[in-house]
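Peer 1: Sequence:
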Amino acid sequence: MLKEFIEKNRDKKAFLEYEVKGLFKTMGFSVPDGVFIPKDTHLSAFSLQLSALSYPLVAKVSSQKITSKSDVRGIRLGIRNEDELNNAISELMHIENAEGVLVEEMASHGLEVIIGGVIDEQFGPIVMFGLGGVFVEVFKDIAFGLAPLKKDEALWLIRQIKGYRLLEGYRGDLPVDFDALINIIVSVSEMMATNLIKEIDLNPVALYPKGAMILDAKMKIIL
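If you count the sequence shown from 1, position 129 lands on 1170 in the numbering used here, and the numbers rise without skipping.
Heads up, some of the hints might be wrong.
[To be verified] Only pairs whose alpha carbons sit at most 27 Å apart, straight line, appear in this in silico DSS-like list of lysine-lysine: (1) Lys-1106 / Lys-1066; (2) Lys-1110 / Lys-1053; (3) Lys-1044 / Lys-1261; (4) Lys-1203 / Lys-1181; (5) Lys-1261 / Lys-1192; (6) Lys-1192 / Lys-1110.
[Unchecked claim] Listed next, with one range per pair, are the computed distances between beta-carbon atoms: (7) His-1135 / Pro-1097: 17 to 27 Å; (8) Ser-1131 / Gln-1163: 45 to 55 Å; (9) Asn-1127 / Arg-1200: 43 to 53 Å; (10) Glu-1240 / Phe-1219: 22 to 32 Å; (11) Asn-1127 / Lys-1053: 21 to 31 Å; (12) Tyr-1205 / Ser-1109: 25 to 35 Å; (13) His-1150 / Arg-1206: 12 to 22 Å; (14) Glu-1240 / Glu-1140: 10 to 20 Å; (15) Glu-1178 / Gln-1201: 49 to 59 Å.
Please keep in mind that the hints were generated in silico from the structure rather than gathered at the bench. Cβ atoms here follow ideal geometry from the backbone N, Cα and C, with glycine treated the same way.
Model the full structure from these sequences, guided by the hints.
Peer 2: Below, the structure is given as structure tokens:
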């Protein structure tokens, strides 16, 4: 499936969010329902697809050159109606280097984590896991493992972070779906082990008592 995806996009080295999510969706993972609107296209051409989405919506700028959507104010949350959506899309299309806008249904709140992979010069393909938000930004609460990982090794990786107790359920919260989390980590590790991928960044992934959803995604391949 990965090789087919790369072959289909042989002229690309980096992929937009909706493309990476499309790949993971074909692999059986959950992503928000959404519509990608390329720049310099008429919004009316997507009216039927957009009308099939349920409010509230989120709109995000898409670009290979934009490393952080937040830094360029490239995200609009809680869009409640068509007028707000049209305004959001127009504003995001005018951001420098924008290649389009991804409109999605807003996912329900979950515990956010980061799952990623990269090729390390010394160790080769590695997988990274950590809690999202301030936990990774301030506390650097992340752990690394060598790809590929088996399920028991993925569980070991999960248990290495300081915030592991949050995953088990804390102060009345239900524990997250460990099977869903492990399946994503193992799949990312197997993708990295093909040596076709330079970098994968799933940030964030929302974890729920039942299931998990990939809310943002980036990927670069080795040419």
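Peer 1: Are the hints correct? Go through all of them and say.
Peer 2: Here is how each hint holds up against the structure:
1. Lys-1106 / Lys-1066: This hinted pair holds, its Cα atoms lying about 24 Å apart.
2. Lys-1110 / Lys-1053: Answer holds: Lys-1110 to Lys-1053 is near 21 Å, not above 27 Å.
3. Lys-1044 / Lys-1261: holds, 13 Å
4. Lys-1203 / Lys-1181: Given that 27 Å is the threshold and the Cα spacing comes to 10 Å, the pair holds.
5. Lys-1261 / Lys-1192: Holds, at roughly 25 Å.
6. Lys-1192 / Lys-1110: Not satisfied, since the Cα-Cα distance of roughly 33 Å exceeds 27 Å.
7. His-1135 / Pro-1097: 17 to 27 Å: Given a distance of about 23 Å, which is inside 17 to 27 Å, the answer is holds.
8. Ser-1131 / Gln-1163: 45 to 55 Å: holds, 47 Å
9. Asn-1127 / Arg-1200: 43 to 53 Å: holds, 47 Å
10. Glu-1240 / Phe-1219: 22 to 32 Å: About 25 Å separates the Cβ atoms of Glu-1240 and Phe-1219, which means 22 to 32 Å holds.
11. Asn-1127 / Lys-1053: 21 to 31 Å: holds, 29 Å
12. Tyr-1205 / Ser-1109: 25 to 35 Å: Between Tyr-1205 and Ser-1109, where Cβ atoms are some 27 Å apart, the hint holds.
13. His-1150 / Arg-1206: 12 to 22 Å: holds, 19 Å
14. Glu-1240 / Glu-1140: 10 to 20 Å: Once the Cβ atoms are compared, 19 Å apart, the range 10 to 20 Å for Glu-1140 and Glu-1240 holds.
15. Glu-1178 / Gln-1201: 49 to 59 Å: violated, 18 Å
Of the numbered hints given earlier, the model fails hints 6 and 15; all others are met.
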